[in-house]
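Peer 1: Listed below, chain by chain, are the residues.
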Amino acid sequence: MVEPSLIRAAREGDREALITLLREIETHVYRTAYYLVGNEQDAMDAAQEALIRIYTKIGSYEEKAQFKTWVQRIVTNICIDKFRRSKPTVSIEEHEMVFEGKESVEGEVMAAYAAKDIREAIDRLPEHHRAVVVLRYLQDFSYNEIADSLDLPLNTVKSYLFRARQQLQVLLRDYQKGGVRG
Amino acid sequence: MNCQEVMEYMQRELDGDLSVFESVKAHEHIRQCADCAAMYERLKRLSAELENLPKVTPPISLVDAILPKLDEIDRVNAASADAGATDLPGSAGTTARTSPRRRNSRFSLRILSGVVAAGVVAGVFLVMNDPDRPRDSISGNFAATESSSSGSSGPMLMMDASTDASGAQKRFGAAMPADIAEAPAQGTGADSSADSLKQPARVPSGDGLTDSGASPGSGSGTGSTEGENVMSPPAVLDGAGDRIGVAEPGERTEDDVQLVITGFVDQYGDELVESVSPDGSYTAVFADSRVVIYDQDGNARFEGEARQGSIAAMGWSEDGTYFRYEIRLEDGTEEIYRIDPAAGTETKE
Numbered sequence: 001m002v003e004p005s006l007i008r009a010a011r012e013g014d015r016e017a018l019i020t021l022l023r024e025i026e027t028h029v030y031r032t033a034y035y036l037v038g039n040e041q042d043a044m045d046a047a048q049e050a051l052i053r054i055y056t057k058i059g060s061y062e063e064k065a066q067f068k069t070w071v072q073r074i075v076t077n078i079c080i081d082k083f084r085r086s087k088p089t090v091s092i093e094e095h096e097m098v099f100e101g102k103e104s105v106e107g108e109v110m111a112a113y114a115a116k117d118i119r120e121a122i123d124r125l126p127e128h129h130r131a132v133v134v135l136r137y138l139q140d141f142s143y144n145e146i147a148d149s150l151d152l153p154l155n156t157v158k159s160y161l162f163r164a165r166q167q168l169q170v171l172l173r174d175y176q177k178g179g180v181r182g
Numbered sequence: 183m184n185c186q187e188v189m190e191y192m193q194r195e196l197d198g199d200l201s202v203f204e205s206v207k208a209h210e211h212i213r214q215c216a217d218c219a220a221m222y223e224r225l226k227r228l229s230a231e232l233e234n235l236p237k238v239t240p241p242i243s244l245v246d247a248i249l250p251k252l253d254e255i256d257r258v259n260a261a262s263a264d265a266g267a268t269d270l271p272g273s274a275g276t277t278a279r280t281s282p283r284r285r286n287s288r289f290s291l292r293i294l295s296g297v298v299a300a301g302v303v304a305g306v307f308l309v310m311n312d313p314d315r316p317r318d319s320i321s322g323n324f325a326a327t328e329s330s331s332s333g334s335s336g337p338m339l340m341m342d343a344s345t346d347a348s349g350a351q352k353r354f355g356a357a358m359p360a361d362i363a364e365a366p367a368q369g370t371g372a373d374s375s376a377d378s379l380k381q382p383a384r385v386p387s388g389d390g391l392t393d394s395g396a397s398p399g400s401g402s403g404t405g406s407t408e409g410e411n412v413m414s415p416p417a418v419l420d421g422a423g424d425r426i427g428v429a430e431p432g433e434r435t436e437d438d439v440q441l442v443i444t445g446f447v448d449q450y451g452d453e454l455v456e457s458v459s460p461d462g463s464y465t466a467v468f469a470d471s472r473v474v475i476y477d478q479d480g481n482a483r484f485e486g487e488a489r490q491g492s493i494a495a496m497g498w499s500e501d502g503t504y505f506r507y508e509i510r511l512e513d514g515t516e517e518i519y520r521i522d523p524a525a526g527t528e529t530k531e
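Quick note, the sequences are listed as chains H and P, same order.
Using the numbering used here, you'd call the opening residue of the first sequence number 1 and step up by one each time.
Using the numbering used here, you'd call the opening residue of the second sequence number 183 and step up by one each time.
Next comes chain H alone, as it looks inside the complex (with noise of 0.2 Å):
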């Protein structure tokens, strides 16, 4: 939880404050960033812009909203836009195979797996649902919180949310019952 203090001086242009400020949440920034981008360079690359972006407009940050959900807003935003220009929709079939290719030939150890296949199949998710999923979940959201976040209606989190884990709960079953794990 960052200081609300902090939140202000940074806004009245306090730039120690600021700099302080981006220290705390940049963590946070990379989080979702990470688990949204599925790769760390990339998500190096959306939680700069998002932390320079955050530097510039914090003017414009306005203290009715929750400055958590302003700052996952931002990053998601930038990263959902990362997504439309380098990662085209896969389909199901080409990204079984791959995923059976690798499993068998590495050889990976069995405690690995549960994070992996995780990642893997929040990876497949479309890109509202896995925002809804990496706010939930890395950053401990709320719906309410989610939905300011992502300016989507309480409903539609809901939906999103849980329509996300089905599937995902559809997926790591497709995983375990192929052998791989547990």
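Hints may be right or wrong, so weigh each one.
Claimed, not checked - Pairs of lysine-lysine residues, derived as DSS-like cross-links and limited to a Cα-Cα distance of at most 25 Å, are as follows: (1) P:K251 <-> H:K57; (2) P:K226 <-> H:K116; (3) H:K158 <-> P:K251; (4) H:K158 <-> H:K68.
Keep in mind that the hints were calculated from the coordinates and are not lab data.
Got chain H; can you put chain P on it based on the hints?
Peer 2: Chain P in isolation, oriented as in the chain H frame:
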């Protein structure tokens, strides 16, 4: 309770959104329904795994990494606050460009710093997005601008910032070569700027644009200078006579592409040009050898391929659905590319 209702209850329970009463009802059902019980287990496990996803942290400090950029932004912000200049009253095209985002964008800032640092005169231009705008109103605006700017030699500076005009004159007037500084004040905006242009041969003229099919008959065809058509100081030259900015008139063309060329070249040959679509929904910026299309919120919507050579022309179609630009290669040949921001495509013509 049916299974579908229970599914929603289970989902909400994972988020701590279920009342005790609702929870009791859901569990009653789950105890009796094997399918729902299995689903409940899977969802709970999934949710636990999602909660345990690695809390990744950046490999290096991101703030440290961007500090140089932030410093640059500050430097240029200070300069632009100082150097703010008049905006054209009533000019929708220009006003649309002076949103806070534009002043803060690192491209504008970079250019500004380059210009100031190099001691190169920065005159900026008026982008005419509306070809139908009556000339008289523009001239009138110019006259008003001039007379309000303290009546001195009054170089007509239109920076991407709008603070005080006298500050701009102080800053830029001193560095400005006399012939350019005074030229705009000698006549109406259109004529004097045309005089002061003295465009070097490499400046894309109507001919170059005609090749592209985008601007048939402009320039030579109309028998008028670009300055006249644009009715504003469309270009300012630096000491070396390089083109800094050229604005192509808003003529109707065969395929209704209105070419507007604006921008700067600083002494390092580093270029930047930008153009706002007629409806204001996109801004195309040429920087670092590529075109990037931004939407109104400043989000990059499309990033073009890097190009060798210099930008010679750019412009939006009248309906704002696509953007074209012309690259002049070192050997003098030209390439024209077309970007459709909605489709996210860039094609060579």
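Peer 1: Would you mind marking each hint as holding or not holding in the structure?
Peer 2: How the hints compare with the structure:
no., hint, in the structure
1, P:K251 <-> H:K57, "holds, 15 Å"
2, P:K226 <-> H:K116, "holds, 18 Å"
3, H:K158 <-> P:K251, "violated, 39 Å"
4, H:K158 <-> H:K68, "holds, 20 Å"
Of the hints listed earlier, the one the structure fails to meet is number 3.
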